[in-house]
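Please work from the sequences and hints to get the whole structure.
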Amino acid sequence: MPVSDLANPTRFLAWSRPLLAVLWVVAVAGLAAGLYMSFFVSPPDYQQGEMIRIMFIHVPFAWLSMACFGFMAVASLGFLVWRHPLADVAAKAATPIGAAFTFLALVTGSLWGKPTWGAYWVWDARLTSVLVLFIIYLGLIALRQAIEDPGRAARVAAILTLVGSVNVPIIKFSVDWWNTLHQGESIFRAGGPTIYATMLWPLLVMIAAMTVLFAALVVMGMRNEIYRRRVRSLEMMAAGA
Amino acid sequence: MSRTLAAIAGQTARLSLRGGALTGLVFFLAMVTIIPFGVGPDLKLLARIGPAMLWIGALLATLLGLDRLFNDDRDDGSLDLMALSSVPLELVVLAKVAGHWLATGLPLVVGAPVLGLLLGVEPAGLAMVTLTLLVGTPALTAIGAIGAALLTALGRGGPLVAVLVLPFTIPVLIFAVSTTAAYTVGAGPSLPPFLILVALTLISAVVAAFAGAAGLRAAME
Numbered sequence: 000m001p002v003s004d005l006a007n008p009t010r011f012l013a014w015s016r017p018l019l020a021v022l023w024v025v026a027v028a029g030l031a032a033g034l035y036m037s038f039f040v041s042p043p044d045y046q047q048g049e050m051i052r053i054m055f056i057h058v059p060f061a062w063l064s065m066a067c068f069g070f071m072a073v074a075s076l077g078f079l080v081w082r083h084p085l086a087d088v089a090a091k092a093a094t095p096i097g098a099a100f101t102f103l104a105l106v107t108g109s110l111w112g113k114p115t116w117g118a119y120w121v122w123d124a125r126l127t128s129v130l131v132l133f134i135i136y137l138g139l140i141a142l143r144q145a146i147e148d149p150g151r152a153a154r155v156a157a158i159l160t161l162v163g164s165v166n167v168p169i170i171k172f173s174v175d176w177w178n179t180l181h182q183g184e185s186i187f188r189a190g191g192p193t194i195y196a197t198m199l200w201p202l203l204v205m206i207a208a209m210t211v212l213f214a215a216l217v218v219m220g221m222r223n224e225i226y227r228r229r230v231r232s233l234e235m236m237a238a239g240a
Numbered sequence: 000m001s002r003t004l005a006a007i008a009g010q011t012a013r014l015s016l017r018g019g020a021l022t023g024l025v026f027f028l029a030m031v032t033i034i035p036f037g038v039g040p041d042l043k044l045l046a047r048i049g050p051a052m053l054w055i056g057a058l059l060a061t062l063l064g065l066d067r068l069f070n071d072d073r074d075d076g077s078l079d080l081m082a083l084s085s086v087p088l089e090l091v092v093l094a095k096v097a098g099h100w101l102a103t104g105l106p107l108v109v110g111a112p113v114l115g116l117l118l119g120v121e122p123a124g125l126a127m128v129t130l131t132l133l134v135g136t137p138a139l140t141a142i143g144a145i146g147a148a149l150l151t152a153l154g155r156g157g158p159l160v161a162v163l164v165l166p167f168t169i170p171v172l173i174f175a176v177s178t179t180a181a182y183t184v185g186a187g188p189s190l191p192p193f194l195i196l197v198a199l200t201l202i203s204a205v206v207a208a209f210a211g212a213a214g215l216r217a218a219m220e
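The listed protein sequences correspond, in order, to chains A and B. Numbering-wise, the first sequence is residues 0 to 240 according to numbering that gives the first Met the number 0. Numbering-wise, the second sequence is residues 0 to 220 according to numbering that gives the first Met the number 0.
Take these hints with a grain of salt, some might be off.
What follows is a set of in silico ranges between Cβ atoms, one per label pair, in the way DEER data are often shown [as the list claims (entries may be wrong)]:
#1 B:Ile33 with A:Ala31: 25 to 31 Å
#2 B:Ile48 with A:Arg125: 23 to 29 Å
#3 B:Lys43 with A:Ala32: 48 to 54 Å
Cβ-to-Cβ under 10 Å is the rule here; a few derived chain B residues that face chain A [said to hold, decoys possible]:
#4 Gly146
#5 Ser177
#6 Ala204
#7 Val206
Computed footprint of chain B on chain A, listed as stretches where at least three residues anywhere in the stretch have a Cβ under 8 Å from a Cβ of chain B [to be verified]:
#8 142-150
#9 156-165
#10 172-178
No wet-lab data here; the hints were simulated from the structure. C-beta: ideal position from N, C-alpha, C; glycine also.
Next comes the structure, spelled out in C-alpha cells:
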C-alpha cells in the first residue's frame, strides 16, 4: 500500500483515532514531566529569580508559532500541487491553533517583559516580527471565514499561505534592520546568559511535549473538519433532494 | 504580445482614472492634513515625523482602490478573454499592476513634495521621500494586487484586502523610511536601504505575477 493511501479521508479517520490516543497520552505525560522539571527541578535564575520559569512555556509557544506556519506552508504546497483535500484540511485545522500559540507566546512574553524590562511591550525586533506573524494568522482566519465554499477557500488560503511563507523571512530580516536603526531606544539585550543543563533539559522536554500537544490538536481539528464537510455535503444533498 | 500588454495597462489606467483613482490622492491630502491636528502644529516635530507620515499616508492611499483591480474585469467577462488569449496570465497581472500604478501610485509620488512642504520637511529629505515613493509604490501596488486577485476569487471586496495586504507591506515601509532617515535625522547610511527597497520592488513584482495569476485562475473556476 503506498503511503498516499493513508491520506484518503476515510482511512485517515480510521487510523487517526488510535494515533490521537497515543498523542494525548504522550502529550499529557510529557507536559506533566516537563512542568514538574520546570517548577521543582530547575533552579531559579541568579538574575531573574523565579521569573525565568515563564521561559519554559514561552519558548515552546514561540517555537510552535513558527513551526505551525511552516507546517501550513508545506500543507498548502501539497494542496496546490496534488489537489489533495486532506492537505487543505490540515492547513485549515492548523491555522487557529497556530494563531492561539502565537498569541500565547506574545502574552507570556509580555508578562515576562514587565518585571524584566519594566514594560509589557517594547518594540524589539523579535517581538515585533511575532506580532506581524500573529496579524498574518488573523488575516488567514478572516479569509477562511469570508468564504462559504470550502473548495474555493482552500485554493485562496493556500496561495496566501505560500505568499506568507516567502514574506515572513523578509519581514523578519526587515524588522531586524529596523530595530538596529533604533538601537538606542531598545533595552533588550540579545546576548543573554548561556543556558545551563539544569534549565536546558526541562526546556527541551517542554518543547517536545508542546509539539506533541500541537500535533494532537491538529489531528483533532482535522477530524472535526472532515466531519464538518461531510455534514455540509449531506445537508446540501438533502436540500437538493 | 508587448502590444497587448501595453493595451491592457493603458486600459486599466484609463478605467481607474475614470473610476475615481484620484480619490486616493485626495485621501492622501486629507490624511496629511489631519496629522497636525493629532500631534500639534509644531513644525520641528512635523518635519521629523514628516517622511514617515507621508509614507504611511501613501501606503494607505494605495490600498484604497485595490479591491476593484480585478473585480470589474471578472464582472464584465474581460478576465476570461485575457485568460484565453495567448499572453500568459502572469504578464497580464503585471500589466494590470503597471496600469493601476500609473493611475493611482504616480499621482501620490507627484503630490508628495507638495504635501511634504506642508509638514515642513527639509528639501533633501523631501527629494528622498519622492524618490523612495517612486521606487516603492510599485511594490505596494504589486503586493496589493495579490490581495485583490485573492478577493476576486472569493467574489467580494471591501476592507479584507487591506487586512491581508498590510503585514506584507512592512518591509517596503521600513526600508523606504530608513533611506529618508539618513537625510532627515542623519541616522545611518542611505544607499544600502535604498538598494534593498529596489530589490523588494523587483521581488514583489515576481511574487505578485505568480500569486496573482494563481488567484485569478482560482477565481475563474
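A quick look at each hint next to the structure:
no.: 1; hint: B:Ile33 with A:Ala31: 25 to 31 Å; in the structure: 55 Å, violated
no.: 2; hint: B:Ile48 with A:Arg125: 23 to 29 Å; in the structure: 25 Å, holds
no.: 3; hint: B:Lys43 with A:Ala32: 48 to 54 Å; in the structure: 59 Å, violated
no.: 4; hint: Gly146; in the structure: 8 Å, holds
no.: 5; hint: Ser177; in the structure: 6 Å, holds
no.: 6; hint: Ala204; in the structure: 13 Å, violated
no.: 7; hint: Val206; in the structure: 6 Å, holds
no.: 8; hint: 142-150; in the structure: holds (count 3)
no.: 9; hint: 156-165; in the structure: holds (count 6)
no.: 10; hint: 172-178; in the structure: holds (count 5)
Checked against the numbered hints listed earlier, the structure breaks hints 1, 3, 6; every other hint is satisfied.
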